Amino acid sequence: MPETSTRHLIQSVMDRAAEHLVPLQVSLEVTQRCNLSCKHCYMDVPVEQELSFTELKGILDQLAEAGTMYLLLTGGECLVRRDFFDIAFYAKERGFMVILLTNGTLITPSVARELKRLEPAAVGMSLHGATAGTHDGITRRRGSFVSTIRAIKLLKGLGVTVSLQTLLMDSNIHEAEAIKSLVQRLEVSHLLSYDFVPTRSGSLNPYQYEADLTELSRYLNYESQEAGPADAESEGKEVCKAGQGICSISAAGDVFPCLMMPMKVGNLRQATFAEIWKDNPSPELTYLRSITWEDLTSCKNCNLARYCRRCMGVAYSETGELTKPAPSACRNAALKAEFFKRKTCYEKSRG
Amino acid sequence: MVIAVCPTKDKRFVWRDIAGEVVIAERDKNTVRVLNKTGSLIWTLADGTRQTEDIAAEVCSRFDVAPEQARADVDEFCQQLLDAGLFRT
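Chains G and F supply the protein sequences, listed in that same order.
Mapping of the first sequence onto the numbering used here: residues 1 to 351, in sequence order.
Mapping of the second sequence onto the numbering used here: residues 1 to 89, in sequence order.
Hints are supplied without guarantee of correctness; some may be wrong.
Said to hold, decoys possible - What the simulated footprint calls covered on chain G by chain F, stretch by stretch (three residues with Cβ under 8 Å from a Cβ of chain F suffice, anywhere in the stretch; the number is not a length): (1) 13 to 25; (2) 55 to 69; (3) 255 to 266.
What the hints contain is simulated information worked out from the structure, not anything from laboratory work.
Since the structure is predicted, the reported quantities are computational estimates derived from the model, not experimental observations.
Idealized CB from N, CA, C, for every residue including glycine.
Using the sequences plus the hints, can you model the full thing?
As structure tokens, this is what we get:
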């Protein structure tokens, strides 16, 4: 009975799903509302009428039928919905592997116990700093740091898998080491990233908060294991699975190829998921699915490709086209390449 | 060994059939199992209402395998899944 937790097998399952247009991994925004106001938030579109619980049940039924296994419940802040647990437990009943993204501030002891009962694969949260001043400065909500840390401890204490993420930016990079120490003390998994994304409306406003490249370089010098060069034969050349094995659904039922790609391909109040995804896909979705590495005319010949983590959705947001280089990806790839150049020189000099 | 019971899936596991191959994941863990076509059929049929001999008969009707061999294979596979905690009786 083969069992593995390796990324390789999960990747091969994703490949197979994409090949057969099975939306194995779906992000479902249950609300656009949020009790925080993070300065770099990507959700900048007007709040639309949310899908009701009844509508969501119908959509979850359709997704189960379509083969979705990994269901990411997100927002906004999904816990602001009073019927959140009705939705989440219905998803569990329909056999989804539920993953939850939350800011954690609404997780009280009783909410934590409900989350334990839900048995999510993971609860993901953002940790923006190692101190209340830094974290709350980014969320623009006093007390959010204390609430998030309390939530992490509550869930951890109940045995729920917590996964933290920190986006390094101008206002928290000075705490990078302290954040790492804090996370170690909390004993939860953690990912540091430095990739900003445009807002849902396509605005590049969040990029104004990018960390200074020199500072980031200093940090990366210290974090070699998190900035290793991609394998030239695979990672740098992969075209993403958005719109094939991955899908995203907004709080108002709009269907997108993925969370990062604001290219609407249908609405679930106007058509069924099967119609949007398989039976009658939009020209945009059909085009997206046809793109191969060969169509990325600039990227395919770029000597930074092995350092690049190009996201098709970000490229679309930044340039309005799916196949153009994403300027932010180019900046990050150049930074990464420079780091490895210096690292190689350093290692050679030490013999 | 002959398993004269009706195996069923343990509810800790979620699964989907992706183009004829069953993918199984444990609800709160980051593990994945992928079954081949025969295993996928057995998994799908194991719903607590069928005995292993019924499942073996179905395997026989869909794959080119002798009844005795199908019965032995189904029993062995079900026992593996019982041992691994994916099936219960």
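Results of checking the hints against the structure:
1. 13 to 25: holds (count 7)
2. 55 to 69: holds (count 3)
3. 255 to 266: violated (count 0)
Consistency note: the structure conflicts with earlier hint 3 alone.
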